[in-house]
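*Asks:* Next come the chains, spelled out residue by residue.
Number of protein chains: 2
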Amino acid sequence: MKSEKYISPAVIRRLPRYYRYLGDLLAKDITRISSGELSKRMGITASQIRQDLNNFGGFGQQGYGYNVEYLYKEMGKILGLYKSYSVIIIGAGNLGQALANYTNFEKRGFRIEALFDVNPQLIGLNIRGSEVLDMAILEGYLRDHAIDIAVLTIPKTSAVEVANLLVDNGISAIWNFASVDLKFPGHSVVVENVHLSDSLMTLSYQLKELRSETPLEE
Amino acid sequence: MKSEKYISPAVIRRLPRYYRYLGDLLAKDITRISSGELSKRMGITASQIRQDLNNFGGFGQQGYGYNVEYLYKEMGKILGLYKSYSVIIIGAGNLGQALANYTNFEKRGFRIEALFDVNPQLIGLNIRGSEVLDMAILEGYLRDHAIDIAVLTIPKTSAVEVANLLVDNGISAIWNFASVDLKFPGHSVVVENVHLSDSLMTLSYQLKELRSETPLEE
Chain A
219 MKSEKYISPA VIRRLPRYYR YLGDLLAKDI TRISSGELSK RMGITASQIR QDLNNFGGFG
279 QQGYGYNVEY LYKEMGKILG LYKSYSVIII GAGNLGQALA NYTNFEKRGF RIEALFDVNP
339 QLIGLNIRGS EVLDMAILEG YLRDHAIDIA VLTIPKTSAV EVANLLVDNG ISAIWNFASV
399 DLKFPGHSVV VENVHLSDSL MTLSYQLKEL RSETPLEE
Chain B
219 MKSEKYISPA VIRRLPRYYR YLGDLLAKDI TRISSGELSK RMGITASQIR QDLNNFGGFG
279 QQGYGYNVEY LYKEMGKILG LYKSYSVIII GAGNLGQALA NYTNFEKRGF RIEALFDVNP
339 QLIGLNIRGS EVLDMAILEG YLRDHAIDIA VLTIPKTSAV EVANLLVDNG ISAIWNFASV
399 DLKFPGHSVV VENVHLSDSL MTLSYQLKEL RSETPLEE
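These protein sequences, in sequence, are chains A and B. By the count of the working numbering, the first sequence reaches residue 436 at its end, each step adding exactly one. By the count of the working numbering, the second sequence reaches residue 436 at its end, each step adding exactly one.
Calculated from the structure, these hints are not laboratory results. One thing to keep in mind: the hints can contain errors.
If chains are identical, the list can't say which one is meant, so a pair holds when it fits in one copy or spans any two.
Within a straight-line C-alpha distance of at most 30 Å, the following computed DSS-like cross-link-like pairs (lysine-lysine) qualify [to be verified]:
#1 374 x 401
#2 291 x 258
#3 258 x 374
#4 291 x 325
#5 426 x 295
#6 401 x 295
Because the structure is a prediction, the values reported are computed rather than measured.
With the rest of the complex left out, here is chain A (with noise of 0.2 Å):
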């Protein structure tokens, strides 16, 4: 059933700020904050603050301000956390053992319940409690455990194929890393890119825009 409105991927894309930001300040025990000084500290205008959560119902009332736990709950009700999800990691070389060790994604019910990999090297290690499998197991596993999210943290030339593997047993999240735009016709999948080559290429281009705006000093 979809009884919520439509909200744009622009907003979605900063809902996460927002929970970072309210989380940050319940750390200091700042309990009301104006969308004035929100707006300050994230950088965002305080109409589009104020118009962002207005797509969920508002949160504030006018003159007082937001009570940041309050909504900092319902932020983390909105983006789906407070509940427990189930996730395997699909590579265990350095960046899969790296977000494996994470313990913030556990903290907010994300459980890594095992890794895959190819190379024997890694298979049998124990990674924070969490045992790393043969990939030739892993449809099998799939069948005998129910797995919310899988996390590719493979080379692109192999990510499809097991994208694809994935989705045919029933994986209906995927948190991609791999440098490849998966796309599943005729599957209800949904897929959030982590492209690390694309992020550090914004950042060459940004640099040398930076550089050319900026003389050298002798």
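Let chain A serve as the given structure and place chain B on it in line with the hints.
*Replies:* Below, chain B alone, put in the same frame as chain A:
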């Protein structure tokens, strides 16, 4: 000198994606492509593609499509690639090591000169030819070496302090993986953030929405 016209951040964000798709086409020996075909592959409208590329002078000939190799190379120049950038990584944990091990960055001209960490167990390690140095010598290192880009893979608690030290010592480009937005008022610094937690929360939001649309099967 500001010679080029203003390019919107949305266009800039799409550039690495064009570059990636064009590279894939080249690898498949496809030398010419119409905006319609490129549109189909990339999932961007043909008119959007023409509009984006017109920001940089066009590249296409009506009825002939784009010359893939030429467009790829020009796009690379626009992105500031084909130069050599000296890079240091602050934080030699799993993520820092994953980035140091990623050979693709080097191929595009990003040379990892050194990693830095406070952990005595990591200091002295050699990651694919780059040494892990003691954070205590970072300031002196920056005086003696011309570094273009600093990568921050340290926890948010120390990220702001370290970032300020970097900027005070001449760094003008930061690739930031710490879960905090960095600001440097009064300094000319470009920052590109990779907020992994934000990305994961965007995925859980989408998964929540997907599930609310799709009634569970029996």
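*Asks:* All the hints need checking, so say for each whether the structure fits it.
*Replies:* Comparing the hints with the structure gives:
1. 374 x 401: within (13 Å within a copy, 34 Å between copies)
2. 291 x 258: within (22 Å within a copy, 40 Å between copies)
3. 258 x 374: This pair counts as between: shortest inter-copy Cα distance 20 Å, intra-copy 40 Å.
4. 291 x 325: So residue 291 and residue 325 pass the 30 Å test inside one copy only (14 Å; across, 44 Å).
5. 426 x 295: between (41 Å within a copy, 10 Å between copies)
6. 401 x 295: So residue 401 and residue 295 pass the 30 Å test inside a copy (28 Å) and across (29 Å) alike.
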